[in-house]
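Residue numbers (our numbering), protein chains in the order written: chain R, 1 to 340; chain X, 341 to 1016.
If you are wondering where the hints come from, they were derived from the structure by calculation, not from laboratory data.
Any given hint could be a false lead.
Capping the alpha-carbon separation at 25 Å, the derived lysine-lysine pairs in DSS-like fashion look like this [said to hold, decoys possible]:
id : chain 1 : residue 1 : chain 2 : residue 2
1  : X       : Lys-384   : X       : Lys-545
2  : R       : Lys-182   : R       : Lys-137
3  : X       : Lys-385   : X       : Lys-678
4  : X       : Lys-614   : X       : Lys-789
5  : R       : Lys-339   : X       : Lys-614
6  : X       : Lys-614   : X       : Lys-545
7  : R       : Lys-137   : R       : Lys-188
8  : X       : Lys-587   : R       : Lys-339
9  : X       : Lys-756   : R       : Lys-339
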Amino acid sequence: MNRSPYITNAPTVSIIMLKVLLALIPGIFAYVWIYGGGILVTLSLATITALVSEAALLKLRQRPIRPYLLDLSAVVTAWLLALALPPLAPWWLVVVGTFFAIVIAKQLYGGLGYNPFNPAMVGYAVLLISFPIIMTKWPAPLVLAQTKLGFMDQLQFIFSNTLPATVKIDAVTSATPLDYLKTQLMLKHEVHGITQAPIFGIWGAKGGEFVTAAYLLGGLYLLQQRIISWHLPTAFLGALAAMSLVFYAVNPAHFANPLFHLMSGASMLCAFFIITDPISGPTTPRGKLYFAAGVGILTYLIRVYGGYPDGVAFAVLLMNMCVPLIDAHTQPRVFGHSKN
Amino acid sequence: MNSIIQFAGKLLRGQAADTDAVHKFHGGVHPDGQKQQSTTAPIKKLAIPETLVLPLRQHVGYIPKIKVQVGERVLKGQMLAEAEGTLSAAIHAPTSGTVAAIGEAVIPHPSGLPDMCITLTPDGLDEWTALHPVDWRNTDKKTLVANLRSSGIVGLGGATFPTHIKVRADGRTGIHTLVINAAECEPYITCDDMLMRERADEIVKGMEIVKFLLGAENCIVGIEDNKPEATAAMAEACKVLPGTSVKVVPTLYPSGDARRLIHLVLGMEIPHDKRSTDVGVQVFNVATVLAIYRYFVYGEPAVDRIVTITGSVNSPQNFEVLFGTPLQSLIDAAGGIKSGTTHFIMGGPMMGFDLPTIDVPITKAANCIIAATPDLFAPPPPAMPCIRCARCADACPVNLQPQELYWFSKSDNFEKARDYNLFDCIECGCCTYVCPSNIPLVQYYRYAKSEIIAADKAKEAADLARERNEFRLARIEREKMERAQKHAERAAAGKAENTKTADAAKSDHIKTDPVKTESAEAAKAAAAAETPTAAANADDAKKAAIAAAIERAKALKAASQTAETQKNAASTGTDTGATDSSQPAQAAQTQAIEQTGADQPKEDQAQAEQAKKDKQALIAAAIERAKAQKLAAAQAGIAPKNVDDASPAVKAEISEIDAIREKARQAAKAQDPEAE
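Kindly generate the complete structure, drawing on both the sequences and the hints.
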């Protein structure tokens, strides 16, 4: 029988996912340095929840468990969600979000390869809508916190929501720069004055900008390894920068500069790790450009005009909906065919 | 981005306007060449084996007609089977010997099914038959091409397309460039490489002949850059032939695909629905060109080829092998198989196939035999779901979207697969080669293609059957009407005979020509009207009534000729389809005639006469109305909706209806002055 080709040379799905996890390591290091070791607990919780719920659902769906757990896609979803959550999120928040991402957004749609929406972003959006206060309460970076929490203190906070008797909750939390900027602008302050606040760093959030830079580093590794294509991050960051540049040029007093938008919030995580999810994204090169630019524009609009400080999750989910349309209308010209 | 970098690089090196530039195609992969093993030793001639098994099906096209009988002694180069039809190739005796058997044997084909073969027992003398070299420079091209038809030469690159068809163009289609395919892009295969290294001069002489046959001005040899020795040899040999150049293309599978190679060396993209000859380019494999040279200059038909035997054998090498040689002889010559060999692959690892058994002969298609082990070609791990990473789309040399084609093929959504240009897929295997989920993509495409082809055939057959049935139903209906009409006419004629009027002759005439009902209608109407009584006064009254009826009919006709009526008639015509367009008129007519028949018994009764006159006038009017409608339809020039799609049978039926319409028009014309 004809079963050629007999030779293949491709990284397996597991290898691809493993490289994505590897690329996240610099970001996690920066995270631990800036916000403390609590994130490791969150990551572990999310990973365990993801693997357990994935295994349970595979069993229910009568699919082989081992190959699907070893493809590591559930772990990638868990890590991305964990990194998007506030660093000291209570344990149940992590569990609920991950469970929702894996069970509802992934397995109930048919598992690996069949989910139309980015599972991590579905989990994030569900938590953001259901628990808005917890989701927007970020701990201050260690460099800014009046009282520094040790790892054990963070652990205690995650699992029992209690702090050492001497520490008040306000001493360890603060608004994120995106959030702060938004509320201050509503109070008719000007951008220049607002960014003088201590929570602002050189480019973005004080401390947070280093995590963002570390994500960029990991993203460049993925590009070099050809795990992701250049189209997505370029178009996303380009669109975000272009949008903010236009607004900034018109009224610098009311709109933050492009660099701030690129280095704040989930911009870099989104550019290299979230919109690059192949399953829920488009497949054609031109489609990738449209998709990522759409996410960039929506992210900016939600940040500036929406009800939430950061707009990445909703922007991604909205654009996920457009993927079949984008794919259908961006088919490249086939060899020997005319333009249309 | 890659293309931008390349372009920038070219600009820096000042090559942007370089006409010698290689035009890269999209995608492609870089599998490990594995060519060095079989290129260490020169080509060796394989000894004549004990038996030769020659399948009749060694090429694309019709199987040739056997010309020999069992027990017959044949000489080397003697034709054993002759090309039948245009797309076919002859089979010759590879050596002298006796025809031992003609029957089924296993052939090297993916199906593993046996096929008709001629078995030859060599006598070891290797005695040539009388050969007829041709002075090709001074011979008519048509004669040369006709000669080539009995050469048995087919495309030796693996496609096995009969060569005489490829040169048939003989300059008429304006072939300007001959491309020699020496890319040999598949891993492991080295037969063309070795042939060029050792016999470049003869290849170039063959190129000269093919160039002459095609009337081409230019000739470009495309070689991948992993064959420096062959490139050097060919470049040296090409010096003697003006208008010839060697172009080195990057090693990138599948550069040996004809359309990809043309793009590489000429920058031309052959439209998907055209052949390369449509744009003036023809492609030949190096080995084929050499075979053509040997045929014209020495008169030797195709009896052997170069075969690479490699993989898990002790001494991989290229051999010159007689067609029909058992694979086992070739393996023995290559030092036998290494332990762990599980099966044999014919062709390369990207597009080849598993041989069903070791007991198969070497055929014209056999460019390479690879002894396979699980180490060399590991069975792929179980397929995972597609993660839409689009690596396949990046690798596809045709720029298809393999992940979409896979999705459509898997869900049996064949129409969509066709829309996404499934039939442009060349099954090169690049998509499978790069798939992280180990999905056997090409398998899905082969499946979808075969399903679509089968469905198309079934649909064609069903359409034909449906058309036949429709035609049959229409014919039955028409015959029924004709019978009814004939019946009525006969009855009318009988009456006429009884009364012995001169009109009887007319009735007889109608009877003898029942098919021409329309043209006879005038006479019939007259006969029907005149039959009841012979009395002249009654006749006059009747004629007056008829005249009145005709006047009414004319008025109706005039009305029917208005645009609105025509439109209505048109819609009736198109809605009911080709065969039904004249039915309403005919039905009305038939009804009228039937009424005439039914009324016959009463006719002798005097008191019924007046009523009958009225009735007959009505009948005449009905006939007129029917005619008027039909005329309106005919004059409106209504063509049934699907004429272009209809089969010849339906078309014939339509033209028949048109003829009837024309007759009706003439009859109406003839009748009009009569009525006035």
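Each hint tested on the structure:
Annotation: proposed proximity of X/Lys-384 to X/Lys-545 holds, straight-line Cα distance about 22 Å (limit 25 Å). Only pairs whose Cα atoms come within 25 Å are accepted, and R/Lys-182 paired with R/Lys-137 is accepted, the gap being roughly 15 Å. Proposed proximity of X/Lys-385 and X/Lys-678 is supported: the alpha carbons are some 22 Å apart, at most 25 Å. Only pairs whose Cα atoms come within 25 Å are accepted, and X/Lys-614 paired with X/Lys-789 is accepted, the gap being roughly 19 Å.
Simply put, R/Lys-339 and X/Lys-614 have alpha-carbon atoms about 16 Å apart, close enough for the 25 Å limit, and the pair holds. Straight-line distance between C-alpha atoms of X/Lys-614 and X/Lys-545 comes to about 30 Å, which puts the hinted pair past the 25 Å bound. Restraint check for R/Lys-137 and R/Lys-188: satisfied, since their Cα atoms lie roughly 23 Å apart, inside the 25 Å limit. Taking the CA atoms of X/Lys-587 and R/Lys-339, the gap is near 29 Å; set against the 25 Å cutoff, the hint is violated.
A hinted pair counts as satisfied when its Cα atoms are at most 25 Å apart, and X/Lys-756 with R/Lys-339 qualifies at roughly 19 Å.
When held up to the earlier numbered hints, the structure conflicts with 6 and 8 and fits the remainder.
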